[in-house]
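**Q** The lines below spell out each chain.
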Amino acid sequence: MFPFRIPIRDWISDAVDYLVSEYSAVFDAFSALVYFLVDNLKDGMMAIHPLALIIVIAAITLKMAGWRMALFAIIGLLLSENIGLWSAFVETLALVLTAELLVMVVGLPLGVLAARKDGFHSVIRPVLDFMQTMPAFVYLIPAVMFFGLGLVPGVVATFVFALPPLIRLTNLGIRQVPKELVEAADAFGATGSQKLFKVQIPVAMPTIMAGVNQSIMLGLSMVVIAAMIGAGGLGEDVLRGIQRLQVGQGFEAGLVVVIMAIILDRITAGFADQGSKS
Amino acid sequence: MSEIITVRNLYKIFGDNPKKAIQALKEGKSKDEILRKHKQIVGVQDINFTVREGEIFVLMGLSGSGKSTLQRLINRLHEPTSGEIVINGTDIVKLKQKELRQFRRNNFCGMVFQNFAILPHRTVLGNVEFGLELQGVDKDERQEKARKIIKLVGLDGNEDNYPSQLSGGMQQRVGLARGLAVDADILLMDEAFSALDPLIRRQMQDELLELQARMKKTILFVTHDLDEAFRLGDRIAIMKDGLIVQIGTAEEIISSPADEYVRTFVEDMDRSAVLTAGTIMLPVKERAFTGDGPRTILRKIRKFGLSGILVTDSKRHLKGYILAKELAEFLEKNKKKEDLKMDPSLIREAAYVDRDMPLNEVINVYQEADYGPIAVVDSDQRLEGVIVRGAIIAALSEGYEIEPNNGSDDLKKEEDK
Chain C
576 MFPFRIPIRD WISDAVDYLV SEYSAVFDAF SALVYFLVDN LKDGMMAIHP LALIIVIAAI
636 TLKMAGWRMA LFAIIGLLLS ENIGLWSAFV ETLALVLTAE LLVMVVGLPL GVLAARKDGF
696 HSVIRPVLDF MQTMPAFVYL IPAVMFFGLG LVPGVVATFV FALPPLIRLT NLGIRQVPKE
756 LVEAADAFGA TGSQKLFKVQ IPVAMPTIMA GVNQSIMLGL SMVVIAAMIG AGGLGEDVLR
816 GIQRLQVGQG FEAGLVVVIM AIILDRITAG FADQGSKS
Chain B
3 MSEIITVRNL YKIFGDNPKK AIQALKEGKS KDEILRKHKQ IVGVQDINFT VREGEIFVLM
63 GLSGSGKSTL QRLINRLHEP TSGEIVINGT DIVKLKQKEL RQFRRNNFCG MVFQNFAILP
123 HRTVLGNVEF GLELQGVDKD ERQEKARKII KLVGLDGNED NYPSQLSGGM QQRVGLARGL
183 AVDADILLMD EAFSALDPLI RRQMQDELLE LQARMKKTIL FVTHDLDEAF RLGDRIAIMK
243 DGLIVQIGTA EEIISSPADE YVRTFVEDMD RSAVLTAGTI MLPVKERAFT GDGPRTILRK
303 IRKFGLSGIL VTDSKRHLKG YILAKELAEF LEKNKKKEDL KMDPSLIREA AYVDRDMPLN
363 EVINVYQEAD YGPIAVVDSD QRLEGVIVRG AIIAALSEGY EIEPNNGSDD LKKEEDK
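Here the protein sequences line up with chains C and B, keeping their order.
When we follow this note's numbering, the leftmost residue of the first sequence carries the number 576, and every step to the right adds one.
When we follow this note's numbering, the leftmost residue of the second sequence carries the number 3, and every step to the right adds one.
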């Protein structure tokens, strides 16, 4: 139909090449930071006895989600240990938590900014749509090019995939703060930051926590995909099961992912509920 | 009382071309025309009024009349399009954002909203100290102050509860306490009691009046409820289409509505609760003095064909009432006597009411009185006027115009001599 072809693929490739060659120091530094976070988190959790960690997780679950969930957590985690997937479990947990930490550090300020500046909101909205609808596999390629194979690109791909819901829900939560609450603060002569930290963020907290919950869930769904570029952890076991047609092993690893997902979901949902109750 | 808020020529236009809209308004175009032709929404137009220190000033109007817009202009939550708003001597329209913030802290006790607008994540104490916290008052001091105010509004014992644990009326007390805790003069209340059920609303109105008697804030109260406006307002501004159509006390508005709109508005009012003895009293045509002889008194009575006459001393203090019939009988018995003195037993007790007594209470006094008209007196027991049966019925009947009157001018003139 056309005598020419718009070279999107060349633009993207060139841009990635340019970034890789010109900014390698930045990527290396970021890489080191992620390694530092994940490694320390993982080593820390591996250093203590599995039973101790299980008790800690169960205690948090008990506080946030009640005794039934705590019981489920104990049984589920003991099962993971029993079938020999404990170290994979810890590795994946470290990866997901690190990615979530980065998501919060980046996502919360962006969400707040989007809520306060309509201009920024209209710019970031299509970007978020793009990030959420682009097939997750596509993120793997630039992640590998920037950071090579292994853990870091896994964390980065997870980060990109899990970021949008937190920005969206932070934005939404702050915009949904009743107009009168903001007017009340204004009428008392509140400054911009007083309004933000004493009214808007606390009132929006349940919605923001729902965003955290959603991004953790999305992060977990990236675990298997990230394993394709060598992120390790439970995803690797699932992947190996698929590649070698070992249905049993694959199922076991998948089951542990599900157990982790349920526990993390109920804990973060508990945060959101507590925010809305008070 | 000095003036604390003075508003002059205030306009608020919502839209991208306010100048054109103001121009059109000055040419006499209506709000609807301007919306259709110029796509500009007139919030309020040509607003002029003053609020005196320590009074409750009510902005009353139906939805869309601009009353809430006007209130939000007073603390500049809305930016005025043109005009002056002078508060405690400062034209706040001219303030920069930072100055405005400081000005609000020093002069406004925040706002009280229809849906309370208290912070769900804070306890009652945390909410009440909120205004002080924003001002940077240190923790011990602001909590002590907050606890005092919480007690004042009757919420003691609830300091550590969260808003979701409280009833609507209690939540609004928190909203009110949050405002009162701040050391400033002006409290803005926006439909503050409209979300409460009627009994609680009534109770809150009473409590507000009680608190006001103690705290002496200047309150700008917005409502769509005429009964509420008349109950609370020292003065009331009635708004329509962004204009103030009438400003006055409840009595002034009821007894002489400015136009047809206000008239239809006040028609449904319970007039007996608003009108006072002072509004419906008639001038005293004739009275007897304590030194008058019986024959003089009878002559005075006969002159107007009355059934009796009120007696005062020379300073207009009410002393009693003399029945024409009894006086005539007395004279008949003693008609031989040349230098007849008045028999004190003929002077009966006169039924009287204070001039500020509402009409519905006057009716009770009237029913209990066995004879004569009801005397209306001022706070020093001095005779101001009389109320006769016909005046009460006339005042209560709908649509009847009551001439505003100031009692018996002739009496006062007499005294001045």
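Careful, some of the hints might be misleading.
Within a straight-line C-alpha distance of at most 25 angstroms, the following computed DSS-like cross-link-like pairs (lysine-lysine) qualify [unchecked claim]: (1) B:Lys302 - C:Lys754; (2) B:Lys218 - B:Lys242; (3) C:Lys773 - B:Lys327; (4) B:Lys302 - B:Lys338; (5) B:Lys150 - B:Lys219; (6) B:Lys98 - C:Lys770; (7) B:Lys100 - C:Lys754; (8) B:Lys147 - C:Lys770.
Take a look, some chain B residues computed to stay more than 12 angstroms from chain C by CB distance [what the hints assert, rightly or not]: (9) Leu79; (10) Arg103; (11) Gln116; (12) Ala119; (13) Arg124; (14) Gly128; (15) Glu135; (16) Lys141; (17) Asp192; (18) Leu284; (19) Ser309; (20) Gly322.
Hints are computed from structural coordinates only; laboratory data are not their basis.
By construction, the Cβ of each residue, glycine as well, lies at the ideal position given by its N, Cα and C atoms.
**Q** Please verify that the nearest CB of chain C lies beyond 12 angstroms from B:Lys141's CB.
**A** Answer for B:Lys141: holds, closest chain C Cβ roughly 14 angstroms.
**Q** B:Ala119: least C-beta distance to chain C exceeds 12 angstroms?
**A** About 4 angstroms separates B:Ala119 from the closest Cβ of chain C, which leaves it inside 12 angstroms; violated.
**Q** Just want to verify: B:Leu284 was marked as not at the interface with chain C; is every Cβ pair farther apart than 12 angstroms?
**A** Non-interface label stands for B:Leu284: nearest chain C Cβ at 48 angstroms, farther than 12 angstroms.
**Q** Does C:Lys773 pair with B:Lys327 here, judged by a C-alpha cut-off of 25 angstroms?
**A** violated, 79 angstroms
**Q** Would the least Cβ to Cβ distance between B:Glu135 and chain C come out above 12 angstroms?
**A** violated, 7 angstroms
**Q** Holds or violated: is the Cβ of B:Arg124 farther than 12 angstroms from all Cβ atoms of chain C?
**A** Label violated. Min Cβ-Cβ 8 angstroms, cutoff 12 angstroms.
**Q** Against chain C, does B:Gly128 hold up as non-interface, every C-beta pair farther apart than 12 angstroms?
**A** Label violated. Min Cβ-Cβ 10 angstroms, cutoff 12 angstroms.
**Q** Verify this label for me: B:Gly322 is non-interface relative to chain C, using a Cβ-Cβ cutoff of 12 angstroms.
**A** holds, 57 angstroms
**Q** Beyond 12 angstroms from every chain C Cβ: check whether that's true for B:Ser309.
**A** holds, 61 angstroms
**Q** Hey, is B:Arg103 genuinely clear of chain C, shortest beta carbon separation above 12 angstroms?
**A** violated, 5 angstroms
**Q** Straight-line Cα separation of B:Lys218 and B:Lys242 no greater than 25 angstroms?
**A** Violated, at about 29 angstroms.
**Q** Is the claim that B:Gln116 lies outside the interface with chain C correct, judged by CB distances over 12 angstroms?
**A** Violated: least Cβ distance 8 angstroms, not greater than 12 angstroms.
The structure is inconsistent with the numbered hints 1, 2, 3, 9, 10, 11, 12, 13, 14, 15, 17, although it conforms to all the rest.
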